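So the sequences go chain by chain: A and B.
The opening residue of the first sequence carries number 1 in our numbering; numbering runs sequentially from there.
The opening residue of the second sequence carries number 1 in our numbering; numbering runs sequentially from there.
Every clue listed holds true.
Output of the computed footprint for chain A on chain B, the stretches with three or more beta carbons under 8 Å from beta carbons of chain A:
id, stretch
1, 60-69
2, 89-100
3, 110-121
Hints in this document: simulated from the structure, not taken from any laboratory.
Since the structure is predicted, the reported quantities are computational estimates derived from the model, not experimental observations.
Ideal placement from N, C-alpha and C gives every residue a C-beta, glycine not left out.
There are 2 protein chains.
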Amino acid sequence: MPKTTFNATAHLQKGVQVKAQSRNFEITVDEPKSLGGTDTGMNPVELVLCALGACQSIVAGAFAGKFGITFSDFRVELEGDLDTDGFLGKSDVRKGYSEIRYNIHIKTDEPKEKVEEFIEFIENTCPVGDTIANTVTTKLNKIIIE
Amino acid sequence: MPKTTFNATAHLQKGVQVKAQSRNFEITVDEPKSLGGTDTGMNPVELVLCALGACQSIVAGAFAGKFGITFSDFRVELEGDLDTDGFLGKSDVRKGYSEIRYNIHIKTDEPKEKVEEFIEFIENTCPVGDTIANTVTTKLNKIIIE
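Could you build the full structure based on these sequences and the hints that come with them?
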C-alpha cells in the first residue's frame with residue numbers, strides 16, 4: 001500500500017475534553033487543570049511526543065532484523081519546549097514546539113558504532129519525525145455549518 | 001506557565017507494539033496487521049491526526065467565550081497522505097505526511113462570516129497545527145546503551 005490516506009476524527013466534549021478516533025480506536029484528550037481542562041487524558045502536544053517516540057520505537061522493532069541488530073529493550077524519553085504565551089495570545093512567539101529532544105535507551109551487546117548507525121537509521125526513517133521536523137501542507141477542506 | 005517543557009516516554013513491547021506515557025496517562029500504539037503489527041492501537045501517524053484534531057477542538061472550546069461565539073457541537077474530520085514506500089525504503093519520497101486536510105463541522109446559529117473568522121483563528125492558534133505545518137528542531141540528546 002504505497003500512497004496511503006490515514007484518517008481520524010476529533011469530537012469536542014464538555015469543556016476542552018475531546019474524544020479522538022482512528023479506525024476502531026478511541027482516545028480521550030484533555031488539558032491538565034493548570035491549562036483549563038479536567039485532566040482526563042494527555043493533551044495534544046503530549047500526544048505529539050508520544051507519537052514521535054512510538055514511531056521511533058516501531059521503526060526499531062520493524063527494522064532490527066534487516067539491520068542485523070539484536071536488543072532486549074528499547075525505550076525513548078522525549079521532551080519538547082513550548083511557550084504557552086503564544087497559544088494564549090500574550091506574545092508573538094510561535095504557538096507550537098520550538099525544539100523536541102530525546103534520549104534513546106537500548107539494552108544490547110552490539111558494538112557502540114553499530115548502535116549509533118542503527119539510531120541514525122531510525123531518525124532518518126521515522127515518518128512522524130519527518131512530519132514534525134519538516135514542513136507539511138495542512139489545509140482546511142471545508143467548513144460544515146450544521 | 002509561559003516556557004513549558006512537556007514530556008513523554010515510549011517503550012517498545014513485543015513486535016511493534018508500544019506503550020507510550022505522559023504524566024499519569026498511557027496509550028497503546030501499534031500497527032495494523034497490513035503494516036506488520038498486531039492491531040492493538042492506533043499507529044503513530046494516526047495519532048498525529050488525532051493530536052491535530054484534538055488541538056483544534058480544544059482551541060475551539062477554550063476560546064469560544066473570548067471570541068463571543070456559541071456552538072452546540074464541534075467536530076473535525078482529518079485525513080493525511082503518506083507514501084509508505086518512503087518508510088519501507090522502496091523510494092526516495094519523504095517518509096512522513098505530504099499533506100493533511102480537514103473538514104470542520106460546527107453546529108451553530110452564528111453568521112457564516114463569524115464562523116469562518118473563528119475557524120481561521122483556530123488554525124492560527126493551534127500549537128499542534130504550527131508544529132506540523134512548520135519546521136521544528138528535533139534532536140537526539142544521547143544514546144544510553146544498557
